[in-house]
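Novice: Residue numbers (my numbering), protein chains in the order written: chain C, 1 to 169; chain P, 170 to 269.
Treat the hints loosely; a few may be bogus.
20 Å max Cα-Cα, derived EDC-like pairs, lysine to aspartate or glutamate [what the hints assert, rightly or not]:
#1 C:K78 / P:D262
#2 C:K78 / P:D263
#3 C:K91 / P:D262
#4 C:K91 / P:D263
#5 P:K268 / P:E257
#6 C:K78 / P:E257
#7 C:K78 / C:D142
#8 C:K91 / C:E2
#9 C:K166 / P:D262
#10 C:K117 / C:D142
#11 C:K166 / P:E257
The hints are simulated quantities; they were obtained by calculation from the structure and are not laboratory data.
Predicted model only: the values in this text are computed from it and were never measured.
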Amino acid sequence: MESYLFYIVGTIAVLAAVYLIFERNPVFCALYLIQTMVCIAVLYILLEAQFIAAVQMIVYAGAIMVLFLFVIMLLNIKGDEESKRSFPFRKIPAILMGIGLLTVICIILKSKLLQGKQDVYTVAHIESLGNTQLIGNLLFTDYLLPFEITSILLFVAAIGAIMLAKRKL
Amino acid sequence: MITITHYLVLSAILFMLGVVGVLIRRNAIVIFMCIELMLNAVNISFVAFAYHLHSMQGQMFVFFTMTVAAAEAAVGLAIIVAVFRNKETVNIDDMNIMKW
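So here's chain P without its partners, still in its complex pose (with noise of 0.2 Å):
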């Protein structure tokens, strides 16, 4: 039997690894992918609580997660393209122009 704790964990347990995958990469796409990883993760938890507490209020969430996620797509590659034209790379390492 599938309890709605079973979602919660695989939802913590893929939220775990974008947040790992966003400290342990240097790779700026890379890193947005991770972002998106975990925002997927927030949404099945949203969609588990709907399900659990017979709303409609996690899945109407979920809708508005991913038109802010598409939105956020769009600017940050538009951003990471640009980063790119300057200084030729996408590892931020390299990026520390505002640092000090």
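Bound-form chain C, shown alone (with noise of 0.2 Å):
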């Protein structure tokens, strides 16, 4: 049952990959993009990391994706991108150089440096504490002062979106 919907999942967002990256309409490239995300947080809760999944559903393909297309549709781009300087056969060397990458993704996978120490957050551990406390008492104990540099990194973007838009500074 799970390998199947890894497997249906998997392929759905693989497709809906595709599609974002050879759709011409950019308001289509956001809504697949969307698909992409869901299926990942599917794949999250197959993962047992529940909290992530919902976070990933409401930052990003709520609140992220949301201000995408509200730049699409606040520009008003047009569907037709090719301008006159564009180089003109870039596609292929693109896919070929992807490909290339890929391969050596996959040769280094099939190599066995996939070992590392195994910790103490089995799934029954989880299970009997709970995905989002166990993350809550990390964030707030191991992972404070990141958790800090967060809060100044989200509020310096803030600010810097802010200065940017701004017609006149």
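Using the hints, put the two chains back together into the complex; each one sits in its own frame.
Specialist: Structure below.
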């Protein structure tokens, strides 16, 4: 059951990503990216990361993609995107390079480099406490400094976005 | 049976599609979406490794990656809006003001 779900969801995610990179209309591109992100959220649930799946849906598929769609509609971008300056045959080398990259990654995956130190957070342990509670505990103990730096990062990003989007500085 | 390798290969395929998208598209917003796709692909690897090694570090990293992606989306889209206001286009072939 789980493996069927993985194959179905993975296939949909890859197909949506393929449509994303070949679709002309930017609005459809954004919708295909949302589809990929929803499929990735399902994969997170299969990997026992329920909190991450919820955050993926709310933050990525919700907030970030709404921002993208809003900017696309605000700027009224046309589907036609070729200009006179474009290099004519750039698609073929790009696809070949992509296939080469995938081959290199798969060769690395086939070598036995994927061992690592096992930690204590087994599925039973996570289920006894709850995924969200564990993440919350870690966030305010071991990862307190990164968490605080993240707040500064978001603050700076908000100020930067307002400054850049202002008409007159 | 689904092993970690399945998830890593799926992650690699999605990352590769993101790279190809960045290379072949000319629309700045779509290029930005492909970058988001690459970030998502790497997040799958993080969570798969966290599940495989019974660790929470991968999930914590995904949490921070999402925060950085949100900040990046806000600033990046603001830059695109500012460029569009000046040049009336988001085609990156027409944005060559910093090129020689």
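Novice: Indicate, hint by hint, whether the structure satisfies it.
Specialist: Going down the list of hints, with the structure as the test:
{"no.": "1", "hint": "C:K78 / P:D262", "result": "holds (15 Å)"}
{"no.": "2", "hint": "C:K78 / P:D263", "result": "holds (15 Å)"}
{"no.": "3", "hint": "C:K91 / P:D262", "result": "holds (15 Å)"}
{"no.": "4", "hint": "C:K91 / P:D263", "result": "holds (18 Å)"}
{"no.": "5", "hint": "P:K268 / P:E257", "result": "holds (18 Å)"}
{"no.": "6", "hint": "C:K78 / P:E257", "result": "holds (12 Å)"}
{"no.": "7", "hint": "C:K78 / C:D142", "result": "violated (48 Å)"}
{"no.": "8", "hint": "C:K91 / C:E2", "result": "violated (37 Å)"}
{"no.": "9", "hint": "C:K166 / P:D262", "result": "violated (25 Å)"}
{"no.": "10", "hint": "C:K117 / C:D142", "result": "holds (18 Å)"}
{"no.": "11", "hint": "C:K166 / P:E257", "result": "holds (16 Å)"}
Checked against the numbered hints above, the structure breaks hints 7, 8, 9 and satisfies the rest.
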